[in-house]
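Participant: If you read the protein sequences in the order shown, they are chains A and B.
Position 45, counted from 1, in the first sequence is what the working numbering calls 45; the numbers after and before it change by one each time, with no gaps.
Going from the second sequence to the working numbering is simple: count from 1 and add 115.
Calculated directly from the structure, the hints in this document are not laboratory data.
Some clues are possibly wrong.
Just a few of them, taken from the derived set where beta-carbon distance is under 7 Å, the chain B residues facing chain A [claimed, not checked]:
| id | residue |
| --- | --- |
| 1 | Leu158 |
| 2 | Ile160 |
| 3 | Phe179 |
| 4 | Phe205 |
| 5 | Gly219 |
| 6 | Ser220 |
Chain B is faced by these chain A residues, among others (derived, beta-carbon under 8 Å) [stated by the list, open to error]:
| id | residue |
| --- | --- |
| 7 | Ile12 |
| 8 | Phe39 |
| 9 | Pro40 |
| 10 | Gly43 |
| 11 | Ile48 |
| 12 | Lys57 |
| 13 | Arg61 |
| 14 | Phe62 |
| 15 | Gly83 |
| 16 | Thr87 |
| 17 | Arg107 |
| 18 | Gly108 |
Keep in mind that this is a model prediction, so the values were computed, not measured.
In this text, a Cβ means the ideal position worked out from N, Cα and C, and glycines have one as well.
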Amino acid sequence: QQQVKQSPQSLIVQKGGISIINCAYENTAFDYFPWYQQFPGKGPALLIAIRPDVSEKKEGRFTISFNKSAKQFSLHIMDSQPGDSATYFCAASSRGGSTLGRLYFGRGTQLTVWP
Amino acid sequence: DTAVSQTPKYLVTQMGNDKSIKCEQNLGHDTMYWYKQDSKKFLKIMFSYNNKELIINETVPNRFSPKSPDKAHLNLHINSLELGDSAVYFCASSQVQFYGYTFGSGTRLTVV
Chain A
1 QQQVKQSPQS LIVQKGGISI INCAYENTAF DYFPWYQQFP GKGPALLIAI RPDVSEKKEG
61 RFTISFNKSA KQFSLHIMDS QPGDSATYFC AASSRGGSTL GRLYFGRGTQ LTVWP
Chain B
116 DTAVSQTPKY LVTQMGNDKS IKCEQNLGHD TMYWYKQDSK KFLKIMFSYN NKELIINETV
176 PNRFSPKSPD KAHLNLHINS LELGDSAVYF CASSQVQFYG YTFGSGTRLT VV
């Protein structure tokens, strides 16, 4: 079954706006939550990651918000730019339990930022 | 210098053929992976090697066989190719097991 659920499937935002992508998980053994960015013809690239001991992590215009009790996390892109147009994947993994050794990806969000 | 390099970038072949994809990483990472990305962009792990030892073998047809001659290389051999094998295959590596992946740029396999 889908270990990480991601929404929306696609997102259109105007330049300067805020892009928000949401993810949810069920397995409480997950202890690492990265976001990847993928441009056409390229491999996914690690954008930002968070561990469940913090509720927020910010790197430049990118922020992860993490809600451990709700088992949800989200990516916020502030001041979205046309160069941010890409597919974004959330993911989750753990060092133990039945999911040991697997990085599970959400199904991706195609972000388009209009100039 | 490319951190994780895959060859070839594109592969077009007929059903029933056997093909290989090669992957090399120069990051000094201990763990390498193969992922498959389908036409809807869903990424799914296929195999993982840690220091040349197979540690993950997902439910993948046994027509797919990975080989790791050393910890910097992980190749994928596919026998008797089928139409459903058409996808983009990504190699990746990480230093700390399963965290902080670095992906290659992918091999687009098309089976006709």
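Participant: All the hints need checking, so say for each whether the structure fits it.
Facilitator: Each hint, compared with the structure:
1. Leu158: This interface hint holds because 4 Å falls under the 7 Å limit.
2. Ile160: 6 Å, holds
3. Phe179: 17 Å, violated
4. Phe205: 5 Å, holds
5. Gly219: Holds - the Cβ of B/Gly219 comes within 7 Å of chain A, reaching about 5 Å at its closest.
6. Ser220: The hint holds - B/Ser220 has a Cβ within 7 Å of chain A, the shortest such distance being about 5 Å.
7. Ile12: Violated. Min distance 17 Å.
8. Phe39: This hint is violated: A/Phe39 lies away from chain B, its Cβ roughly 10 Å from the closest one there, beyond 8 Å.
9. Pro40: Because about 10 Å separates A/Pro40 from the closest Cβ in chain B, which is outside the 8 Å limit, the hint is violated.
10. Gly43: 3 Å, holds
11. Ile48: At about 11 Å, which exceeds the 8 Å cut-off, the nearest Cβ of chain B leaves the hint on A/Ile48 violated.
12. Lys57: 14 Å, violated
13. Arg61: This interface hint is violated because 21 Å lies over the 8 Å limit.
14. Phe62: With Cβ-Cβ at 16 Å, over 8 Å, it is violated.
15. Gly83: Hint on A/Gly83: violated, closest Cβ of chain B at ~19 Å, above 8 Å.
16. Thr87: With a closest approach of 6 Å, the A/Thr87 hint holds.
17. Arg107: 6 Å, holds
18. Gly108: Holds: closest Cβ of chain B sits about 5 Å from A/Gly108, inside 8 Å.
When the structure is compared with the earlier hints, violations turn up for hints 3, 7, 8, 9, 11, 12, 13, 14 and 15 and for no others.
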